[in-house]
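Student: Sequence:
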Amino acid sequence: MVNFGGKKARRSEEHSLIGASKTDVSLIIFAIIVFTAIATSCFAAENSISWTEDELAFMESHPVIRLGVDHGFVPFEFIDEDGEYKGIAADYLALISEKTGLQFEILKGLTWPEVYERALTGNVDALPAIGRTDEREKHFLFSEPYYYYKRVIVTRDIDTEISSIDDLKGYAVAVQRNSSHHSYLSSYPNINLSIYDSAEAALAAVATGTEKAFIGNLATTNYLIRSNGLTNLRFVAFEAEKQQALYFAVRKDRPQLVSIINKALNSIPESEKLAINKKWIDLDTDFDYGPIIRILSIVGALTAVVLSVSFFWIARLQKEIRHRKQIQLELEQAKYEADKANEFKSNFMARMSHEIRTPLNAITGLSYLLKKTEISVTQNMYIDRIIQAANNMLSIINDILDFAKIEAGKVELEITSFSMNQLIQNVVNIVSYKISEQGIGFRLRKDPFVPNWFFGDPKRLEQILLNVLNNAVKFTSAGEVSLDVRLIGKENDEHHILFTIKDTGIGMSEEQVNKLFKPFEQGDSSINRRFGGSGLGLSIVKNLLDMMGGTIEVFSTPGEGSTFILRLSLNVDKEKEDVYLKTLSSEHFRQIKTLVLEKTSADINLIESYLSSFGMHSELTSSEASALSMIEDANGKFGKPFDLFIIDYDTPAGGGFNFIETIRNNDKIVKFPKIIMLLPMMREDLFDKLNEHGIDLGIGKPIIPSILLNGIMDIFNLKAVSPSQPATGRESGPAKLDKPHRVLLVEDNKTNQLIAESLLEQVGIKSIIANDGKEAVERFREHRDSIDLILMDLHMPVMNGYEAAEKIRELSTGVPIVAMTADVIMGVRDKCAQSGIYHYISKPFNPDHFIQTVKDIIIANEFNADTDKAVLNRQLGLRNMGDNLDLYHRVLEEYRNENQDTLDRLEAAIREKRYADAAQIVHKVKSSSGSISAKSLHEMAISLQKALKEEKEDEIAPLHEGFSKLLRKLLEEIKVILRETGSERGLKKEGV
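Under the working numbering, the first residue of the sequence shown is numbered 9, with each subsequent residue one higher.
These are calculated hints, taken from the structure and not from any lab test. The beta-carbon is built from N, C-alpha and C at its ideal position, and this holds for glycine as well. Please note that a few of the clues may not be correct.
Derived Cβ-Cβ restraints for the label pairs, each shown as a range [what the hints assert, rightly or not]:
1. N613 x S384: 44 to 50 Å
2. M807 x K523: 28 to 34 Å
3. K526 x S485: 21 to 27 Å
4. H625 x F457: 14 to 20 Å
5. T571 x S620: 26 to 32 Å
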């Protein structure tokens, strides 16, 4: 990644100019003051101080006064980089020294709390810049105030609810130790104090969100915020109990020193006090030339000095301008070189992504085809792991590309409906590999009150959880990693979810935690050598959570482990959630008497909470002897046998299978319950033995609510679902099209040819193969009348996909062309559209999605082209109505009346991207079209509704066009039928 640095360089040059001009103005002021001193010497007598004998004696016996100062109380007093004492108090001390002859010794190298403690014990004579409080008056004598300041509250700019001191009640507020603000806040018992040794550290804690607010003075706070670049903070002014001021605090046994300081302060002219104030507090305001003009009226000789210095300043400024122009040219050259480097980086990332995605497509495609063959349960699981690992590798590539997009501000969230249970299952399946490799434990706890169906970006949320979990597993070699999902609040449909990921790994220091979310940063160089990684994952997590409106916190102790807390608010998909809850509320669940045998108290409580959320009552035990006794008793004369037995494989001493055989061989047990066995993670071999031991279902740990629910519903036949894991491990293929079709497959990679051709054959689509773009054009010329669709790879030898598509478009504008490419960089879709390619499938593709997309496009294009084919099957429709012609006509008439404005409403909903409303409109047409036997419209509605629900805009456009044509044609057919039969109702509505 190239870092320009141009903006910083330019800013530094601007500061140097400003600094130069301020320096020269300072020279002018210095010259004026020198001449003023000469010119106004005649007034010195009026400013002489009358000292008492005690005061003179004190000054003679105490020529050096030891002062304790706050090294960081800018701009009032501080020690600069050269070790010099500077600030408002320092300038006042210089004037006091001139008027009294006293010398002041500054104690250096101490923190403010250490200085204050020394002052309390009398080891320093005075504190030159301190606020006055009742507590401090017990220990010090105070001078008259010499500077007034404002007390303010500082919060992050997003904490707008804080507007007064009363709003801080119940919060922890940062404050500097032993400051006047510390004493002030002590009078507010409802405010908790977080004490810091310096105001700078306290402000940094507020800026990072560690603290809610800070209370201090406006001048110091403003100075520190600007100098440290804390741009996310804001001030809140409030009325304090009394006006705040700075004083000299003097030892109780030095009353003469207080009197001396007061007289010296009173002798300082207002013009000098104003100059000190403007020097330190009013840096950004224009210089006040009023006093200078009055002095110039007395000292005319100053005019020549001012002009001389001005000419010098102008000449120097011209030199600085020439220097800036040279720097500007250098910056432009640096920007040009950086742009070229960024272009090179983008091209490299595009090539890298393409080269990796292409073999990944082969891995996922061949794995999908293998799953359709006769294989065992274990082999099926292995294939699932291969697919998940390939997807995991794809996510790593996507991380790199995502980071580049985040840098460019081009990441967009894709909001869709998703199942939280399925998302968690996907995450656990992927991370289980590394957990098994590390030989550590894993615990999952999901609050039953967390809904299942939400609206959000599931891929990004899955990416966030995977990145954090992978990080936790990577740094944990012993113990366990846990994922806890809880509901912490809700407002209407918005639910506030808390994800807690905890590990017992190596932990982190505070310094390492502070660098955790910076890209390419790791704890130290040894981290990369020992554990690997790019340092991008958690940086992406932070950016994605910020986009989603979420937050992440980290708590860690070296050698003990880390805890990541993620907060995210999501809206519930009420429609799907209601269906899910209705499933849970089934009366059948309440009638299932269940026994759970699990040795771990945490797991047994978790299972009980899941079963309770299903409406099921369960009996629990951690002892195999107790479990056997409970089953025997339930089979007794007065007992009710258990319907379901959930057993953890590792709980019985001899293993779960042996315990099941013991139950089966027990003569006292007549009715055997259904059995669900909980199997250890990564023990796929045990699944093959389930049938052998007569076990109805095996579920791998950790337990996910939806898996347990579906398993119970499956074995009790509570709904017509296919088994989640058939005995043979073979999965059924997708439904075939009604008639054969042909596709021109343009692909130079032989493996990808095999995968695509095999997938298409499963739905009855034959393929014509072309190995490059030139061959594709020739094949299309030969078979143009029989080709229903073209699948086009973009990067091929001889002729690429863009050029081939343009040549095919010269021959035909109607045949749909679908791009198949591993390119995911910006601009590819636009370039495809310019070449006549309006559909897009990215590699590696999901095989089911690939097949469905091809089917939808073929059906839509076929319906668009076949305008002569009747939409309505009158014979079948009449048969469905019991051959009652009058009833059939009344139904057709009602259908036509209901859909007069359907196309207008659908067009408006899709145009305004109200896809949920559009899906509801299509759903209504789908149901009624099937009832009147308009099969083609019914099938088109199914595809369009699916595309609308998933918000797949590439599929919506062609499907919407085909749907509109079919519905419009159907309404015309019904109109003709009603006219032919002389239906009065139909004719009256048409006004004929």
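Student: Would you mind marking each hint as holding or not holding in the structure?
Tutor: The hints, checked one at a time:
1. N613 x S384: 44 to 50 Å: violated, 35 Å
2. M807 x K523: 28 to 34 Å: About 50 Å separates the Cβ atoms of M807 and K523, which means 28 to 34 Å is violated.
3. K526 x S485: 21 to 27 Å: holds, 25 Å
4. H625 x F457: 14 to 20 Å: holds, 19 Å
5. T571 x S620: 26 to 32 Å: Given a distance of about 27 Å, which is inside 26 to 32 Å, the answer is holds.
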